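Protein chains: 2
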Amino acid sequence: MIRTSNLEKSIDFYCDKLGLIEIRRIVNESARFTLIFLCAPDDMIVKNETIKSPLIEITYNWPDENGKKEKLGEGRNFGHLAFSVDNIYNFCERLLKKGVILNRPPRDGYMAFIRSPDNISIEILQKNSPLEISEPWVSMQNTGNW
Amino acid sequence: MIRTSNLEKSIDFYCDKLGLIEIRRIVNESARFTLIFLCAPDDMIVKNETIKSPLIEITYNWPDENGKKEKLGEGRNFGHLAFSVDNIYNFCERLLKKGVILNRPPRDGYMAFIRSPDNISIEILQKNSPLEISEPWVSMQNTGNW
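Going down the list, the protein sequences come from chains U and F. Take the first sequence: its letters are residues 838 to 983, numbered as in our numbering. Take the second sequence: its letters are residues 838 to 983, numbered as in our numbering.
Keep in mind the hints are simulated off the structure, nothing from the lab. Here the structure is a predicted model, which means the values were calculated and not measured. Hints may contain errors.
Capping the alpha-carbon separation at 16 Å, the derived lysine to aspartate or glutamate pairs in EDC-like fashion look like this [said to hold, decoys possible]: (1) LYS846(F) / ASP955(U); (2) LYS854(F) / ASP955(U); (3) LYS964(U) / ASP849(F); (4) LYS934(F) / ASP849(U); (5) LYS934(U) / ASP849(F).
Produce the entire structure from the sequences given, and follow the hints as far as they go.
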């Protein structure tokens with residue numbers, strides 16, 4: 838995931854200039870963000886009617902109600918790597934046993950965040966639907982940021 | 838590509854803890870760097886004996902002869918996105934026509950760098966072997982950094 842400060846310029850750049858293909862767009866008016874998922878044309882892989890290609894997620898956080906825009910860094914405004922797993926609880930349990938801190942535990946049965954040793958933010962996502970909400974996950978607190 | 842300050846810790850994290858697979862390792866003693874390419878197990882795709890999977894490149898720049906280590910940022914030390922293309926000269930000509938600055942033109946017939954509108958660094962690589970070195974590319978100067 839990489840962030841953008843201007844969706845129109847980004848689409849022009851990534852699709853028109855660079856030749857990537859827009860696969861999916863999520864516009865969330867209440868949370869005020871737009872996500873666009875892009876695929877390189879040669880990478881397009883479809884299995885069982887599902888796109889299995891590696892995707893680049895472009896995130897645009899809309900200005901707030903006062904028009905204040907998200908401030909991006911001077912360039913390398915990288916978001917995170919994301920991986921989906923068969924069972925997020927099993928996966929996170931394995932991480933905990935190996936000493937990894939769950940900065941954001943999968944309280945919702947769907948999403949967790951950890952950090953690499955160099956602090957790269959990594960998202961773990963449950964494949965298909967969220968798992969049933971259950972202990973010990975639902976009571977686990979956040980640690981730091983991600 | 839993401840940078841690491843400690844290869845051993847990174848391999849432990851990405852492979853042992855996160856479950857990624859090391860696909861390829863390049864150790865360049867004279868230029869003092871190590872590159873490791875990782876693949877998510879479910880993403881492994883092989884076509885004509887070539888791995889076509891999306892890969893994460895981990896770069897470790899060795900300390901210099903005086904033991905001075907590369908300084909990484911406080912976390913989001915992202916490197917760049919990389920795409921390979923059929924003909925890097927045609928691709929770069931198309932980019933120039935669309936007003937994109939070639940920060941590093943493909944003088945070597947193999948590699949170019951541009952920036953997204955938000956300054957994300959993007960590498961363009963020639964598929965297979967480098968093209969024959971030729972004008973106007975070989976005389977084109979760098980612009981800024983990337």
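Structure-based check of all given hints:
1. LYS846(F) / ASP955(U): holds, 9 Å
2. LYS854(F) / ASP955(U): Since the Cα atoms of LYS854(F) and ASP955(U) sit roughly 14 Å apart, the hinted pair holds (cutoff 16 Å).
3. LYS964(U) / ASP849(F): violated, 24 Å
4. LYS934(F) / ASP849(U): holds, 14 Å
5. LYS934(U) / ASP849(F): holds, 14 Å
Hint check: a violation occurs at hint 3 only; the rest are consistent with the structure.
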